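Just so you know, the protein sequences line up as chains W and E, in that order. Remember, this note's numbering sits 15 above the position in the first sequence when you count from 1. Remember, this note's numbering sits 215 above the position in the second sequence when you count from 1.
Read the hints as simulated data drawn from the structure, not as lab findings. Only a predicted model underlies this, so the values are computations on that prediction, with no experimental measurement involved. Check each hint, because a few of them may be wrong.
[Said to hold, decoys possible] In silico DSS-like pairs for lysine-lysine, Cα to Cα no more than 30 Å straight-line:
1) K64(W) with K267(E)
2) K316(E) with K64(W)
3) K573(E) with K512(E)
4) K39(W) with K392(E)
5) K165(W) with K80(W)
6) K39(W) with K512(E)
7) K486(E) with K165(W)
8) K73(W) with K313(E)
9) K190(W) with K392(E)
10) K371(E) with K169(W)
11) K170(W) with K396(E)
12) K39(W) with K313(E)
13) K371(E) with K190(W)
14) K512(E) with K169(W)
15) K565(E) with K80(W)
16) K375(E) with K165(W)
17) K80(W) with K573(E)
18) K64(W) with K486(E)
19) K39(W) with K565(E)
20) K190(W) with K97(W)
21) K226(E) with K73(W)
22) K375(E) with K459(E)
23) K80(W) with K267(E)
24) K73(W) with K486(E)
25) K486(E) with K169(W)
26) K267(E) with K392(E)
27) K396(E) with K165(W)
28) K565(E) with K190(W)
[Claimed, not checked] Which residues of chain E face chain W? A few of them, derived with a C-beta cut under 8 Å, are:
29) D355
30) Y356
31) L360
32) L400
33) L401
34) P402
35) E473
36) T476
37) H477
38) D478
39) T480
40) I487
The beta carbon of each residue, even a glycine, is placed where N, CA and C say it ideally should be.
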Amino acid sequence: MNLRMLALGLVPMIALTSCDESIKPVEVTETRRLTSYDDESNLAVAMPKDWRRVPSSKFRDFNCKFNQDGEVYISIGSGDIKSNAERWLTQFGDKRTVVVSELEKLDVMGSQAVILESEGTFAGMRGINIEDAGLLGLLVETRGNLITVKMIGKKEEVQAQRANFIAFCQSIQWK
Amino acid sequence: MRKKSTNPIVKAFAFMGGFHIAIVCMVLLLILTWLSTLEQTGPGGLYWTLHKYFSFGAITVRPTLYGNDLPIILPGGYWVCAVFTLNLLVGGVMRIRKGWKHAPVLVSHFSMLMLMIGGAVTYHQSRESYMLLEVGDTGDYAWSLTELSIEIAEIKEGDKQEPLILNSEVLSAVRGKPQLKREFLLPSLPFDATVSEYHINTQVAQVRGSAVEGAHVVDGYYINPIEPTGAEESNFSACIISLKERESGETHELILFEGLTHDVTVTIDDKIYGLRLHGEIWNTPFRVRLDASRGEKHPGTGMAMIYESDVTVLDEEGNDEMKRKIEMNKPLRYKDLTFYQTSWNDAGPKVESGFTVKTNPSDQWPKYAIYTCGIALFVHFIIKLFGFVSTSIARSKNEQ
């Protein structure tokens, strides 16, 4: 092979090498023991395996998703059950007055929580509209806070997640 | 007069230990320090400017002044120091004239050599993190404000298990280089990971309606890179991690964002895994309880003027080992760790003390080197003074 051929071969090789944007793989085995850093929240929650935790936001202290776009989130806030429940129903175009004592009850965090359900077209705060949507919500007053768990998604998907939702709510504990 | 050697090795050795090299190195260090001091006031900030000028990987430096790249290329500060250390070893210790009269100069050169080597040990072996405690709290970890890691941990029934760590060193190849990606093989987990699009400062936004053009949307979120701030500790990094199941080949993408205070999760093989990007966590070998924190602020400002803390060091079982007071410039030194109080805040419901936690095998070397050098030069001065005085007396006697 003469030098000119070698040079001609080297140029594209160098060019191709410089275009390679990946870096050599590395094996990782380092671990560390758990510390108080790993107690991240004041709530202990066991999330169902087919849900995934996504970034929290200002009003979503524990934010999850299921299926493609289904959402479940815990909010620690204030206010009373009735007005919050009615606000949720309004998002489904449901104008009925909530009678708290008539709602389904569930023991959560040592207090009696109520479960709220609705369906229809959901009009969310971020301009999101979901046709044939379902709502499954839980509201409980505990330690001076109003804890709410709200599941929004396609009606049939929400119904399919009911058992997961109940188990999730029952797992919530103060740390 | 010594006859000059013609042997090229000897000549090279003499050149390496010569004054020319020493002067060039010192001038270069002066220029590098001056330019980096100017540059760190710009958008790069102190952390990235130090990295650019003085890191091991910085073979050459293209200085930037007031936003413009200067048309010069300088050698990296680390390597100038390395050459200077070699010069000091060859010229100042090995080739120097020996004898008791020159012993103090030899010792002073040796102490400067120790100072330089101490700097290298600090660069390669020291570790610095931060511990923030409210009065009454006990800390068992410190975290880095500038070095980030990714942790992957299985979550069983809501409880996090021991995490696997992709530390800052292995991530450094892609950090701040969003066009690059790196694969991480995780033999203890059923998947491997690839990290990409690792930005220094970002906001993570949720898609509202339709996605932003060109955005890489992952589960309804995308990374919005923003200009890094000068202070690295106030930047919020983000990256995309892609987990590829080894058996099925199925991949799962997640966005990791430093600004989150919790893990994001993925379920693989019926197990939930939590992932998080954050400052490297350093488990301290003992715990520290903050018993009291006192301070004073500059009048009319929120800046602390003086502060001090009473702490109790606890062993692994939580038993009291000793009580100490940490003051400004009076750190707690215990079991290879040094706790310097670096912040104090009484704005919240409880008073807080912030400690910089450091380990450095050559922590005290500069002090000893400076003491040794000072004593050696003093002895050298005395020897020279006596020599001068005795010569002067002898000369004046002769003149009489």
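Hint check results:
Pair hint K64(W) plus K267(E) does not hold up; C-alpha atoms about 45 Å apart against a cutoff of 30 Å. A threshold of 30 Å between alpha carbons decides the hint, and for K316(E) with K64(W) the separation of about 78 Å lies outside it, so the pair is violated. For a cut-off of 30 Å, the pair hint linking K573(E) to K512(E) stands: about 25 Å separates their Cα positions. Using a Cα cut-off of 30 Å, the hinted pair K39(W) and K392(E) holds, with the two alpha carbons roughly 15 Å apart.
Proposed proximity of K165(W) and K80(W) is supported: the alpha carbons are some 11 Å apart, at most 30 Å. The hinted pair formed by K39(W) and K512(E) fails the criterion: a straight-line CA distance of about 51 Å is larger than 30 Å. The suggested pairing of K486(E) with K165(W) holds, with an alpha-carbon distance near 24 Å, which does not exceed 30 Å. Of the pairs offered as hints, the one joining K73(W) and K313(E) is violated, with about 72 Å between alpha carbons and a cut-off of 30 Å exceeded.
Restraint check for K190(W) and K392(E): not satisfied, since their Cα atoms lie roughly 40 Å apart, outside the 30 Å limit. For the proposed pair K371(E) and K169(W), the alpha carbon gap of about 28 Å is at most 30 Å, so the pair holds. Restraint check for K170(W) and K396(E): not satisfied, since their Cα atoms lie roughly 40 Å apart, outside the 30 Å limit. With a C-alpha separation of about 51 Å, the suggested pair K39(W) and K313(E) falls outside the 30 Å cut-off, and the hint is violated.
Distance restraint check for K371(E) and K190(W): the Cα-Cα separation of roughly 16 Å lies within the 30 Å cut-off, and the hinted pair is therefore satisfied. The straight-line distance between the Cα atoms of K512(E) and K169(W) is roughly 56 Å, outside the 30 Å bound, and the hint therefore fails. Between K565(E) and K80(W), the direct Cα distance comes to roughly 36 Å. Violation of the 30 Å bound is thereby established for this hinted pair. A distance of roughly 24 Å separates the Cα atoms of K375(E) and K165(W); the hinted pair therefore holds under the 30 Å criterion.
Taking the CA atoms of K80(W) and K573(E), the gap is near 40 Å; set against the 30 Å cutoff, the hint is violated. With a C-alpha separation of about 7 Å, the suggested pair K64(W) and K486(E) falls inside the 30 Å cut-off, and the hint holds. About 48 Å separates the Cα atoms of K39(W) and K565(E), which puts this hinted pair outside 30 Å; it is violated. Taking the CA atoms of K190(W) and K97(W), the gap is near 27 Å; set against the 30 Å cutoff, the hint holds.
Pair hint K226(E) plus K73(W) does not hold up; C-alpha atoms about 70 Å apart against a cutoff of 30 Å. A threshold of 30 Å between alpha carbons decides the hint, and for K375(E) with K459(E) the separation of about 21 Å falls inside it, so the pair holds. In summary, the hint linking K80(W) to K267(E) is not supported, as the alpha carbons are separated by about 41 Å, beyond the 30 Å threshold. Taking the CA atoms of K73(W) and K486(E), the gap is near 28 Å; set against the 30 Å cutoff, the hint holds.
At roughly 25 Å between alpha-carbon atoms, K486(E) and K169(W) fall within 30 Å of each other, so this suggested pair holds. At roughly 14 Å between alpha-carbon atoms, K267(E) and K392(E) fall within 30 Å of each other, so this suggested pair holds. Taking the CA atoms of K396(E) and K165(W), the gap is about 37 Å. The hint is violated against a cut of 30 Å. Of the supplied pair hints, the one linking K565(E) and K190(W) holds, its CA atoms being roughly 20 Å apart against a limit of 30 Å.
Taking 8 Å as the C-beta contact cut-off toward chain W, the hint placing D355(E) at the interface holds, the least distance being around 5 Å. Interface hint at Y356(E): satisfied, since its Cβ lies 4 Å from the closest Cβ of chain W, which is below the 8 Å cut-off. Residue-level restraint check for L360(E) is violated (minimum Cβ-Cβ distance to chain W is 14 Å; threshold 8 Å). Because the closest C-beta pair between L400(E) and chain W is about 4 Å apart, less than 8 Å, the hint holds.
Because the smallest distance between the Cβ of L401(E) and any Cβ of chain W comes to about 6 Å, under 8 Å, the interface hint for this residue holds. Given the 8 Å rule on beta carbons, the hint for P402(E) holds: about 7 Å separates it from the nearest Cβ of chain W. Among the interface hints, the one on E473(E) is violated; its C-beta lies about 11 Å from the nearest C-beta in chain W, farther than the 8 Å criterion. The closest approach between the C-beta of T476(E) and any C-beta of chain W is roughly 6 Å, which is under the 8 Å cut-off, so the hint is satisfied.
Taking 8 Å as the C-beta cut-off, the interface hint given for H477(E) holds, the closest approach to chain W being about 5 Å. Hint status for D478(E) relative to chain W: holds, with the closest Cβ pair at about 7 Å, below 8 Å. Checking T480(E) against chain W: minimum C-beta separation of about 4 Å stays under 8 Å; hint holds. Taken as an interface hint, I487(E) checks out: its beta carbon lies about 6 Å from the nearest beta carbon of chain W, inside 8 Å.
When held up to the earlier numbered hints, the structure conflicts with 1, 2, 6, 8, 9, 11, 12, 14, 15, 17, 19, 21, 23, 27, 31 and 35 and fits the remainder.
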